[in-house]
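Student: Listed in order, the protein sequences are those of chains A and B. Okay, so the first sequence: first residue is 1 according to the numbering used here, each after it adds one. Okay, so the second sequence: first residue is 1 according to the numbering used here, each after it adds one.
To be clear, the hints were calculated from the coordinates, so they are not data collected in a lab. Careful: at least some of the hints might be erroneous.
[As the list claims (entries may be wrong)] Computed Cβ-Cβ distance ranges for the label pairs, DEER-style: (1) R96(B) / E26(A): 35 to 43 Å; (2) A168(A) / E186(B): 35 to 43 Å; (3) E208(A) / R33(B): 26 to 34 Å; (4) L97(B) / E247(A): 46 to 54 Å; (5) L93(A) / R292(B): 42 to 50 Å; (6) D151(B) / L97(A): 43 to 51 Å.
Glycine included, each C-beta is placed from N, C-alpha and C at the ideal position.
There are 2 protein chains.
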Amino acid sequence: MRVLAGEVVEPPPLWIMRQAGRYLPEYRATRLRAGSFLDLCYTPALAAEVTMQPIRRFDLDAAILFSDILVVPDALGQEVRFVEGRGPVLEPLGGRLPGLDPAQLMKRLAPILETVRLVRAALAADKALIGFCGAPWTVATYMIAGQGSADQAVARRLALNDPSRLGALVATLVDASARYLVAQIEAGADVVKIFDSWAGILDEEGFERWAVAPMADLVGRVRAAAPRTPIIVFPKGAGARLGRYAEVVGADAVAVDWTVPMRTARELVAEPVALQGNLDPLRLVAGGRALRDGVDAILAAMRGRPHIFNLGHGIVPETPVEHVSELVARVRGGAP
Amino acid sequence: MRVLAGEVVEPPPLWIMRQAGRYLPEYRATRLRAGSFLDLCYTPALAAEVTMQPIRRFDLDAAILFSDILVVPDALGQEVRFVEGRGPVLEPLGGRLPGLDPAQLMKRLAPILETVRLVRAALAADKALIGFCGAPWTVATYMIAGQGSADQAVARRLALNDPSRLGALVATLVDASARYLVAQIEAGADVVKIFDSWAGILDEEGFERWAVAPMADLVGRVRAAAPRTPIIVFPKGAGARLGRYAEVVGADAVAVDWTVPMRTARELVAEPVALQGNLDPLRLVAGGRALRDGVDAILAAMRGRPHIFNLGHGIVPETPVEHVSELVARVRGGAP
């Protein structure tokens, strides 16, 4: 929380994207009890349990709500399923677009807000609870295509062929996401993070229109309702456009993927915006020198700047648990 | 060639990545006659024919050799097949690494050099012939994994777990690729381009070691043997690292993917290096206003800087042929 207020804290606080997940045996055990992946997201006792699992095992500074960015389309009435080995599959939109019925949306998302309450009650006072949602553009790419892909071309083509249709969908998502994030804050989230996993796939005009502008709108709405809650944004793949994104969107922190050197991110993003990141998740799989060198380089590059240590993308299932312990110890040791 | 020598030419010259390909009915007809995809690459009369097809149809300033970056591993003895709907499949490397027998390599690549001779003889004197190969890192990612993937994690893990093994493979590829490019130049290529399609997936240290350093080595070797032949490099996904890449690699031009605004590329890459790019290929699929606005924005951003107009990635098979004609006319019309 201090770093998100613009303070330099050394060594930096840390948490890990997807820290509750398949690399943990206790997660896999809970997952088996839950039924489907979305059943797990919608069952507060179990979702709170998996949110807390990494906190019990490792000395992390924050818990992140266990959920998925696609609960928003699901709550808007576009049914989502997670198919083993294939990822999310969404009911085809066809000609219609989901409309927003705020009461209905909140009714469907109520179990997730209950999870937030359970986790905040269980979490030590000195640990932050991070709520989250997907960015409007990123969520829209899945809603339009009905699934993920390597380049999200279906949504990118709609952006070029029928921008008013995409615009209507994105506007609905801005509204729904703002309500959802504010509700998470009211339920106890100390921080919210917005994941724009597909921001980087857009060209210059598309980036401004579909990534930057809706994100600025969303951040502004959450800010208006909850002015004291810090907001982290993650424009994955933004690369050279990280500075522009940070400037216009106006978040308290920008999460940086592993392909932008932190030194460069530091130059691109004006202070006092904090930076989060950005160890290559495969360094955490590799361990040993690859892990140590990667951590040390990031700590050295960020000395003197508000920084939250994290990976540059989600932890991968094949990560050895003991490497996570090593990572935490290395970060706690500070820059060499 | 004038732009590659650092001259500003307005309107800029243009060609299109993958301009010989599946969007053209005459290509699909020739492809059917050839047998496998690699048979087409290795049959000089047919490969020369498909290289020339887009030149006959459109007013383009350059032909690019019809071939594939994976002919190098194939010529090194790691068998490559192209499986419909799945992409390239390479024989598993197992414990061994391919060694370089220069005579054997050149014998296997001889049909491609014959294609270069046929095309140069058929091409008008005012059109450039572009030869190419894949960058050592990019080619290595396929050789190691035996196929492509969304994140080339198999090769990235080898880079962290066994850098000396990857280093040996990359060194072989630098050597083989330098010989191959110099042979293309001797056979009549006016320009060579090196495609580093997976440069962007690496983190800071990996980018320096596996993308920048081998590319600088390769460019240096080609330069030493053929000092008057311009070299274009394409570090896809380099983003904010484009300037660093250009500075160290020392090519005559840097091709820019569609995710970096040309205005930003212009700031990042120091003159007199020319820039190539970077229309989103999906704008060419969409046509109409999306196409016109995209072209105009790029022309406006590049006024006064040595620039070769191109897409920001390869043309996609579903591109309507008439949109390509519109693109050419719009670029020939110059900045509005």
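Student: Please check whether E208(A) and R33(B) have a Cβ separation lying inside 26 to 34 Å.
Tutor: Violated: the Cβ-Cβ distance is about 46 Å, outside 26 to 34 Å.
Student: Between the beta carbons of L97(B) and E247(A), is the distance compatible with 46 to 54 Å?
Tutor: Cβ of L97(B) to Cβ of E247(A): about 47 Å, so the range 46 to 54 Å holds.
Student: In this structure, is the beta-carbon distance linking A168(A) and E186(B) contained in 35 to 43 Å?
Tutor: For A168(A) and E186(B) the Cβ distance comes to about 58 Å; the hint is violated.
Student: Could you check the hint for me, namely that R96(B) and E26(A) are 35 to 43 Å apart, CB to CB?
Tutor: holds (41 Å)
Student: Using the beta carbons of L93(A) and R292(B), state whether their distance is inside 42 to 50 Å or not.
Tutor: Violated, since L93(A) and R292(B) (Cβ atoms, about 28 Å apart) do not stay within the stated range.
Student: Range hint 43 to 51 Å: satisfied by the CB atoms of D151(B) and L97(A)?
Tutor: Given about 32 Å between the Cβ atoms, the range is violated.
Checked against the numbered hints given earlier, the structure breaks hints 2, 3, 5 and 6 and satisfies all the rest.
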